[in-house]
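A.B. asks: In case you want the letters, here they are:
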Amino acid sequence: MSATTIEPALLARGEAAFQAQRRQRRRATLTGLAILALCLWAAGWISEFYPSSLAAGLPRVGEYFYKLLPSLRWDALFSGADTEGSIAFWFYRLDDWAWLLLQTSQMAALATLAGAAVALLLAFPAARNIAPTRTINVLMRRGLEAMRTVPEIVYALIFVWAFGVGPLAGILAIFLHTAGALGKLFSEVVENADLRPWEGLRASGANWAQACRYAILPQVAPNLISYGLLRFEINVRGASVIGFVGAGGIGQELNLVIASNYYEEISAIVVLIILTVFAIDYVSEKLRHRVIGAAEGH
Amino acid sequence: MLQLEGLTRRFGANTAVDGVSLSVPAGQMVGVIGRSGAGKSTLLRMVNRLTEPSSGRVIHDGTEVTALRGQELRDWRTDCAMIFQQFNLVQRLDVLTNVLVGRLNHRRGFGATLGTLFKRFSAAERAMALSALARFDLAEQALQRADTLSGGQQQRVAIARALMQQPKLILADEPIASLDPRNAQVVMEALRDVNRRDGITVLCNLHHLETARHYCDRIVAMQKGRVMFDGTPAALTAARIRDIYGVSEDEFDTAPEMTAPALTPAREAALPA
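As given, the protein sequences belong to chains A and B, one line each in that order.
Start counting the first sequence at 1; every next residue gets the next number (the UniProt record's numbering).
Start counting the second sequence at 1; every next residue gets the next number (the UniProt record's numbering).
Everything labelled a hint here was simulated from the structure, so no lab data went into it.
A couple of the hints might just be wrong.
[Said to hold, decoys possible] A short, non-exhaustive set of chain B residues, derived as facing chain A with CB atoms under 8 Å:
1) Arg-74
2) Ala-81
3) Phe-84
4) Asn-88
5) Leu-89
6) Arg-92
7) Leu-93
8) Val-101
9) Gly-102
10) Thr-116
11) Arg-161
12) Val-227
13) Met-228
[Unchecked claim] On the chain A side, residues computed to face chain B include the following (Cβ under 8 Å):
14) Leu-94
15) Ala-193
16) Pro-197
17) Glu-199
18) Gly-200
19) Ala-203
20) Gly-205
21) Ala-206
22) Asn-207
23) Ala-209
24) Gln-210
25) Arg-213
26) Tyr-214
27) Ala-215
28) Gln-219
29) Asn-223
[As the list claims (entries may be wrong)] Residues of chain B clear of chain A, computed beta-carbon distances all greater than 12 Å:
30) Ser-21
31) Gln-165
32) Glu-251
Think of the CB as a built atom: it goes at the ideal place given N, C-alpha and C, for glycine as much as any other residue.
The task is simple: from the sequences and hints, build the whole structure.
C.D. replies: What follows is the structure, given as structure tokens:
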């Protein structure tokens with residue numbers, strides 16, 4: 001059929017249908033935007049987000065940062081820790097803080113590793129597509145939900161009360177939350193896996209665990225590793241804050257200096273945390289690409 | 001001897017397989033033909049219990065397959081290996097491991113099963129897998145990832161995996177529908193060879209009459225879930241084809257094929273009867 005045989009009436013009808021569809025889509029978009037704006041306004045009103053308070057408070061944020069600034073002097077910048085105005089004076093407790101930072105990152109590492117291991121085991125029964133029974137599936141999903149909806153800081157408060165002040169409470173708190181959060185992500189990755197190999201394995205008489213291991217795990221492993229390393233970065237930040245309730249690491253020290261208004265020490269510690277997180281982000285990013293590259297290889 | 005008694009499967013209002021009764025003696029090569037949506041795939045999947053029948057029974061050597069559960073069901077599945085249209089290999093694993101997974105259910109006890117989760121296979125099993133691969137000219141590719149292989153090669157890996165199960169029968173669900181003619185021939189020769197030399201019963205879904213006639217001892221023709229013909233290739237004349245399907249043999253073969261891999265019951269149910 002050539003283009004010349006198409007009737008003008010058909011073209012007109014097609015054009016009319018196209019215009020009608022476009023009008024309808026525009027109406028839908030505008031309605032959506034109006035609803036969104038209304039929701040935003042309501043959210044701001046309920047959460048007491050008043051522009052006037054924002055305007056009044058903003059200068060004080062600047063004031064706080066000004067107070068945090070160390071009093072450095074150019075002539076003494078690289079002098080020893082005894083000279084006021086030097087960098088060494090600003091970071092006069094660098095050895096203690098470095099140790100606490102190391103402790104913080106180790107808390108995060110341990111909690112992430114343990115959390116990822118538990119998440120890996122729970123993710124398969126929590127995935128809708130391959131769960132052995134519906135009951136187990138629902139139980140696993142609700143369990144993972146319960147683990148991750150409680151904030152780390154609440155877990156930390158409970159564990160500090162139970163195990164006393166120190167890193168153990170922090171590790172347990174981060175571990176529980178990580179297992180719940182990663183378990184959910186992992187199970188979603190499993191739900192996106194290709195089920196043809198799964199059928200192949202099941203049809204050959206492999207049991208459920210074997211089919212998970214051979215049909216699903218090779219497909220999802222690179223994704224799981226990527227999520228795990230991402231979680232490690234998040235957990236380093238989390239571990240820095242969790243010390244506020246006495247759960248060990250640099251957070252405990254930070255809480256102390258904030259409460260005591262030791263402004264220069266606050267900025268010193270914050271700078272150290274930022275540098276550490278940068279470093280870990282950088283290394284973990286590199287590691288992630290290499291590990292995924294290697295996992296793709298076989 | 002494999003016996004199907006009034007095997008039926010309904011997906012909602014749609015009856016995919018409708019009261020099929022067949023009896024297949026050991027060592028036979030049976031071609032199940034029919035057009036898209038005739039119920040061939042569902043029939044085969046019910047024999048392996050990948051799809052549960054709505055009613056009817058499958059009996060093999062006196063054992064009621066449709067009543068098996070747990071370990072007994074897995075043992076049955078090991079006895080009746082399955083070949084798929086889309087090969088269903090684990091793309092990210094090497095060919096050798098893909099073949100070795102056929103041994104997974106041969107381990108007994110908790111410790112041995114746990115060992116399989118860490119890829120612990122014996123040297124004897126690796127030798128067995130390599131000779132199965134060598135039989136289909138694939139020994140050189142043993143350590144390559146499955147997704148680096150052509151479709152024809154992947155299907156032969158799937159047959160090697162099936163042989164590792166040491167099955168009594170092989171169910172091949174459209175094994176050549178995704179392959180070009182040359183590879184299709186190689187794969188059909190392989191199935192024929194397994195049937196002849198190893199004495200394994202083969203049930204093979206096909207949608208080309210000529211292929212079924214050439215390779216099978218017996219042809220079962222299905223239409224709308226029912227068996228319309230069951231006999232030797234010679235008895236399936238052009239007149240019978242026209243009777244059953246209302247088209248000539250040429251039209252039957254060249255009919256546009258909906259290549260649905262039939263992954264889930266939902267997808268199967270979506271197909272027209």
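A.B. asks: Hint numbers the structure violates, sorted upward?
C.D. replies: Of the numbered hints given earlier, those the structure breaks are 12, 13, 14, 15, 29 and 31, listed in rising order.
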